[in-house]
Amino acid sequence: MEIQYYGGNCIKITTKKGSVVIDDTIKALGGTSPAKPTDVNIHTQKVEGKLPATLLFIDGPGEYEVSNISVVGIAARAHMEETAAKKVAMYKIACDDIRIAVVGHIYPELSESQLEALGVIDVLIVPVGGHGFTLDAIGAAKIIKNIDPKIIIPTNYADSKLNYPVPAAELFDVLKEWALEPKETVSKLKVKAADLLLDKAQVIVLERQ
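Under the numbering used here, the residue at position 80 of the sequence shown is numbered 80, and the numbers go up by one with no gaps.
Because the hints were derived from the structure by calculation, they are not lab data. Don't take every hint at face value.
Within a straight-line C-alpha distance of at most 25 Å, the following computed PhoX-like cross-link-like pairs (lysine-lysine) qualify [claimed, not checked]: (1) 17 <-> 192; (2) 92 <-> 161; (3) 142 <-> 92; (4) 36 <-> 16; (5) 46 <-> 92; (6) 87 <-> 142; (7) 161 <-> 36; (8) 87 <-> 16; (9) 145 <-> 86; (10) 161 <-> 87; (11) 87 <-> 150; (12) 161 <-> 27; (13) 86 <-> 46; (14) 36 <-> 46; (15) 161 <-> 200; (16) 192 <-> 150; (17) 183 <-> 150; (18) 17 <-> 200; (19) 86 <-> 161; (20) 27 <-> 188; (21) 190 <-> 87; (22) 87 <-> 12; (23) 188 <-> 161; (24) 92 <-> 200.
Treat the numbers as computed from the prediction; the structure is a model and nothing was measured.
Make a model of the complete structure from these sequences and hints.
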């Protein structure tokens with residue numbers, strides 16, 4: 001399995017059987033869309049406007065399976081939502097014996113039922129830009145503690161090449177708040193189940209493609 005980062009909360013997961021693109025609204029921020037017609041296109045919140053043609057489009061709760069990739073959408077409360085209404089989704093994506101959680105711009109307090117639906121997670125993809133738009137370092141840390149993944153991939157942090165709706169926190173400041181050093185910075189993360197026998201969680205920084 002390979003994981004690549006395209007800026008914002010946009011991630012592409014590629015396996016031998018298929019590919020999943022997450023939150024591909026990157027063109028609106030000045031980035032390049034990675035979506036192809038053969039990809040599964042997943043969004044953590046409802047999107048408007050024309051979207052690229054893909055194999056399957058998912059933007060809410062439910063259970064899906066395509067190209068030997070299992071996707072479970074779990075209802076969640078939006079980050080700045082004042083009520084407990086669950087209007088967005090987070091996802092558990094499983095393939096090649098690797099379980100990935102993508103949480104998106106959600107409220108940081110997860111319920112027991114949400115954590116149960118996620119189950120054991122190997123890789124957590126979590127936004128950290130804060131400033132009222134998405135999770136900040138403290139909110140993301142709460143989610144990391146509750147989910148307890150082996151690998152943490154931060155997203156949606158400051159990038160001078162992208163036009164975020166509001167300024168995003170610098171990744172350096174987020175890592176300082178966490179008191180963590182990234183294990184490595186790579187353009188593409190290659191993950192095998194055998195690589196996940198770790199004593200403690202590691203932060204991996206992905207270079208934007």
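Tested hints:
no. : hint        : in the structure
1   : 17 <-> 192  : 15 Å, holds
2   : 92 <-> 161  : 29 Å, violated
3   : 142 <-> 92  : 18 Å, holds
4   : 36 <-> 16   : 15 Å, holds
5   : 46 <-> 92   : 18 Å, holds
6   : 87 <-> 142  : 20 Å, holds
7   : 161 <-> 36  : 23 Å, holds
8   : 87 <-> 16   : 33 Å, violated
9   : 145 <-> 86  : 22 Å, holds
10  : 161 <-> 87  : 30 Å, violated
11  : 87 <-> 150  : 28 Å, violated
12  : 161 <-> 27  : 12 Å, holds
13  : 86 <-> 46   : 12 Å, holds
14  : 36 <-> 46   : 20 Å, holds
15  : 161 <-> 200 : 33 Å, violated
16  : 192 <-> 150 : 12 Å, holds
17  : 183 <-> 150 : 12 Å, holds
18  : 17 <-> 200  : 30 Å, violated
19  : 86 <-> 161  : 32 Å, violated
20  : 27 <-> 188  : 20 Å, holds
21  : 190 <-> 87  : 32 Å, violated
22  : 87 <-> 12   : 23 Å, holds
23  : 188 <-> 161 : 19 Å, holds
24  : 92 <-> 200  : 21 Å, holds
Hints 2, 8, 10, 11, 15, 18, 19 and 21, counting from the list given before, are not met by this structure.
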